Amino acid sequence: MAHSIVRTFLVSGAAVGLMASAGACSCSIGTGSHSVSKSDVAEQIKAKMTDASGNKPESVTCPGDLPAKVGAQLNCEMKVKDSTYNVNVTVTSVDGKDVKFDMVETVDKDKVAHIISNKLYQKVGQRPDSVSCPDNLKGVVGATLRCQLIDGSKTYGVNVTVTSIDAGDVRFDFKVDDHPE
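All letters in the sequence shown, in the order written, are residues 1 to 181 by the working numbering.
Because the hints were derived from the structure by calculation, they are not lab data. Predicted, not measured: the structure shown is a model, and the values here were computed from it. Treat the hints with care, as some may be off.
The calculated lysine-lysine pairs, modelled on DSS-like cross-linking and capped at a C-alpha distance of 25 Å, are [unchecked claim]:
{"id": "1", "residue 1": "K38", "residue 2": "K100"}
{"id": "2", "residue 1": "K154", "residue 2": "K109"}
{"id": "3", "residue 1": "K109", "residue 2": "K97"}
Given these sequences and hints, build the entire structure.
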């Protein structure tokens with residue numbers, strides 16, 4: 001692949017997703033428990049999140065309980081109509097049995113990588129050998145993610161930054177490093 005990929009300084013991408021009617025939630029946990037049950041987290045997501053058209057989820061699946069510790073995170077899946085969305089839940093405060101957490105849409109890491117690859121193809125006429133991202137991209141303006149692009153025998157970093165969210169449409173810019181890692 002030509003070196004022209006690294007000359008693409010800033011490109012925008014977008015992924016359609018969710019809307020939250022409220023970002024913060026509060027749950028009380030039982031005595032002696034050090035986590036919010038996955039069913040309680042799922043119920044909060046069902047109550048507070050919708051797709052861009054305002055449809056409530058039919059189901060929410062969380063892989064485990066949410067530890068009652070500031071900064072603890074859990075990634076859940078929400079199904080609305082025939083679409084699956086990712087939701088990140090992060091504990092923001094713990095006061096006794098009261099646990100507060102934020103919920104935010106995330107764009108699947110494979111979808112972010114696919115969008116980057118497609119945008120580079122549109123911009124320079126060639127696709128990189130591969131693009132991979134370590135995590136899902138949080139749908140919050142200013143959120144960042146560091147992905148990796150492989151071009152022949154060279155590996156480049158890719159900085160991804162969420163620039164706006166409009167009716168569940170997460171827009172982001174990305175910049176490929178000028179030099180390989």
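Starting from K38, check that the Cα of K100 is at most 25 Å away, please.
-> Roughly 14 Å between the alpha carbons, so the hint for K38 and K100 holds.
K109 and K97: Cα distance at most 25 Å?
-> violated (34 Å)
CA of K154 to CA of K109, is that 25 Å or under?
-> With Cα atoms ~21 Å apart, K154 and K109 stay inside 25 Å; holds.
Going through the hint list in order, the structure does not satisfy hint 3, though it satisfies all others.
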